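Enquirer: These are the residues of each chain, in order.
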Amino acid sequence: MTALLQHPGYDEERLKGVAEKLPCREVQAGMLLSLMGQPHQYSYPSIFIYGHRASGKSHVMHVLMKELELSHATVSCVECVSIALLFEQVLLSFFGCDAASLLPRSPSLSDFVRVYRQQCSQSPAKQTRYIVMEKAELLRDTDASLLSALLRLQELVEDNVTVILLSEIAWDKFRPNTGCFEPLLLHFPDYSKSELQQILSQNVHPSYSAGFYSAYINILLGVFYSVCRDLRELRHLAALNFSKFCEPLAEGKVKETDTHKLWKHIEPHLKKAMQTVYLREVSSLQWEQMQQMEEEEAGALRGLSAHTHVELPYYSKFLLIAAYLASYNPARTDKRFFLKHHGKIRKTNFLKKNEKTSNHLLGPKPFPLDRLLAIFYSVVDSRVAPTASIFSQISSLVTLQLLAQVSHDDQLDAPKYKCAVSLDFICAIARTVNFDIVKYLYDFL
Amino acid sequence: MLKLTCFPTFSHFAVDSHIIMSKRKARDAHLPVGECIKQVQQILRERFCERRLPDRLEGVEAQYKHLLELLRRTAIHGESNSVLIVGPRGAGKTTLLQCVLRDLQKEEKVQKNLLQVHLNGLLQTDDRIALKEITRQLHLENVVGDKVFGSFAENLAFLLEALKKGNRSSSCPVLFVLDEFDLFAHHKNQTLLYNLFDVSQSAQAPIAVVGVTCRLDVLELLEKRVKSRFSHRQIHLLSSLNFTQYLERVWTQLSLPDSFPDKKFAQEWNAGVKTLCEDKSVEEVLQRHFNSSKDFRSLHMLLMLCLSRVSVAKPTIKPADLLEASRMCFADTTANMLHGLSILELCLVIAMKHLNDVYEGEPFNLQMVHNEFKKFLHRKSNSMYNFEQPVVMKAFEHLQQLELIRPVDGSSAKVQREYQLMRLTLDHSQIMEALQKYPQCPTDIKQWAMSAFG
Ligand SMILES: Nc1ncnc2c1ncn2[C@@H]1O[C@H](COP(=O)(O)OP(=O)(O)OP(=O)(O)O)[C@@H](O)[C@H]1O
Ligand SMILES: Nc1ncnc2c1ncn2[C@@H]1O[C@H](COP(=O)(O)OP(=O)(O)O)[C@@H](O)[C@H]1O
Ligand SMILES: [Mg+2]
Ligand SMILES: [Mg+2]
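Protein chains in written order, with UniProt numbering: chain A, 1 to 445; chain B, 1 to 454.
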């Protein structure tokens, strides 16, 4: 805490307020303040802050800027779809809307710097101005010189201005080929488990004791910490599952202090939440509803992703099966699988020397249409529809993204396809038409 | 007649506040420590943030003379010329030019005579924008009005002609400065460069073109017709500094000027800096920096980090400060990011490392990585990390977002996500180091990472 309180030039009361709002980030905030220096002094032209998602980068900047009332412009590179928007926001924040309106219609960097300098000579900075760029990695995708120019904006506009870039990608991946003004690098380390515990425990529910809530957070972290350290996500999960945790308490079955019983009650729920909420397969609202009607249909919980809802016509299912087989079996094994009287051939007979990797690791291979049709006719036996309707079904499978068309420039007239569904999915489809697909897959022979 | 004001080159360099201050105060004023530290911060920050021209240039006397002479000939005798200043980033190219211009401006003959146009490749990203900026800086917007020109050359000629008007028989010499010169070579047809060099060579009007660039191969970027019009004068700023000189530079960069208001404090500070530079551990650290870069900019960054640790409670720079600052400069940013991965993500990285070893750097896809990971779990009969495919997929995507893995070029968007070919952007040693630092890394995972085969 003391690191934060000794910064001459800033109001002490306000610094205290900052310290309170930034648990576990005192060191970083203190470091930043000492780099920024007193408000009227020059601050380093550009500072690059990097760290994992939700490591408090935006939060710290926001609290510092707001609490200490520093002159700043915060720009999110996601929202600024055009650089015009970016320039406008900066000028607006520093010099008011008149300044922003001085920009021509599609402004260049040159225009921006010209307007900035002109405004700045009219109202010179008495204090350092800050431009905070969120999600700075997106700057790389725009005009190549934008990033380089921002890094040395202080030199270009001749003003006491500092550009602070926030990103979750390391600086090494930003540096342009011919180099640039190197920013100061500041790392925000990920929160440790105990720090997460401390921060999350602050959101204690008013009608429960701090110890009880903290025990809950402890259990939550036990389940999720190995896959997810994102504070924002964890906070969301914590809020979502707390009422379930309190259930036995409300029913009077256990006491607040009986952590073990509470753990036993909540753990399976949290595990289930990992499958669904964490993966965003269901929305938080759905999850809450599902928890209510829980026992009745436990089975319907899983896999609510779009794929499971696809209802395919009978032949399309076989087409897809045929496509899957064509994608994952080597063409030379087709005879073995689909010729009626092939005699007994073992896998070793067509195992090539270097063929160790299974096709299910490498992914689907493209196949020509005639091969697909040959396999299709042999798996579907008897009742076959006219070929014309088969073609239209193929194209609708492509539209549904279950088949992917691979275009080869050299063979314009002979399109190739790939099957784009997973093994689980195709097995489920095959089951509905009573086709044992695994028997026909080379990898599982 | 046109009123020609020169481009305000130096307005940005902060007012010499401490000097004014010293004149106001008595000779041997004693200031409270708080005030002294404030002054120290102010002066040194201006220096390290590169907002102030140095009073004296170090180690570039020859280049300074050369450039000064060249520009003086243009300013006074109206000789046209072109020159390139070439040197690594932060070596002092811009500073050299600015100092020459500052000193040139002191000569009375030059003051009224020389016009300046400053362009920067980062800002004037095409020749249309550049021309607009030239017009503006020459204050000719009104003269041009909404005239339409047939070509760039015509337009430029008009501008230079416009400067002639009035009672002069010959036009004012104009200095064109092109910072980040190499970027202008990427403009369509190199029209601006061609025309400027053409004017400078054919003596249509007295102009000097000064290009500033960090690319040593800059001439190869020029088209033949452009290159042939360039004078081929180059001023190189390649530092031949040795370590003793480097140490001296550290000392001068950190020391306070004589004009510091509190003489006694300044003396003590400067003595403190001297002792700092003589410290063995400091010397070792500086040697490392010297070996990686000798330019001013990276030294300034190091010293800025030291300066930020100076406060009223600790009014000197201690060796520990420099060590800490150096640690920050040399921090491996990628390793820092690896530290924050979840254990699942870390396991995937290890699996990728093994795949890289086995298949000698061939790209891989998620299925292969997951399979490798499952093999490990199977061997250890470890069920703790048995995650479902979608959870693994999410972790994999996070790695991609962090750019720790990168899709192979040309592997099209049509491929299912789990089969998209990827490459690891980390090397072996980075992974191993990250593992050592990883908080509470399970031993079997460490062993798995270290084993020769997946
Ligand atoms: N000869 C010198 N003596 C003292 N200080 C110098 C000298 N040359 C440069 N410096 C200092 O080094 C810093 C960087 O110099 P400058 O900005 O001129 O580099 P540059 O070569 O233009 O870099 P870039 O290629 O990035 O534009 C400046 O702060 C300047 O004050
Ligand atoms: N030290 C902290 N104390 C309290 N809340 C924090 C802390 N760090 C982050 N948060 C919260 O976590 C969320 C994510 O932080 P944010 O700063 O947006 O992360 P990012 O690093 O991705 O910018 C925010 O809602 C913020 O309020
Ligand atoms: Mg953020
Ligand atoms: Mg420069």
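These are computed hints drawn from the structure, not numbers from a lab. You may find that some hints are simply not true.
What the hints assert, rightly or not - Cut-off 30 Å, straight-line C-alpha distance, at most; resulting in silico cross-link-like pairs (DSSO-like, lysine-lysine): (1) B:Lys147 with B:Lys188; (2) B:Lys274 with B:Lys264; (3) B:Lys374 with A:Lys365; (4) B:Lys224 with A:Lys21; (5) B:Lys264 with A:Lys271.
Bear in mind that the values here come from a model prediction, so they are computed numbers and not experimental data.
Enquirer: Please name the hints from earlier in the document that this structure breaks, with their numbers sorted from lowest to highest.
Expert: Violated: hints 4, 5.
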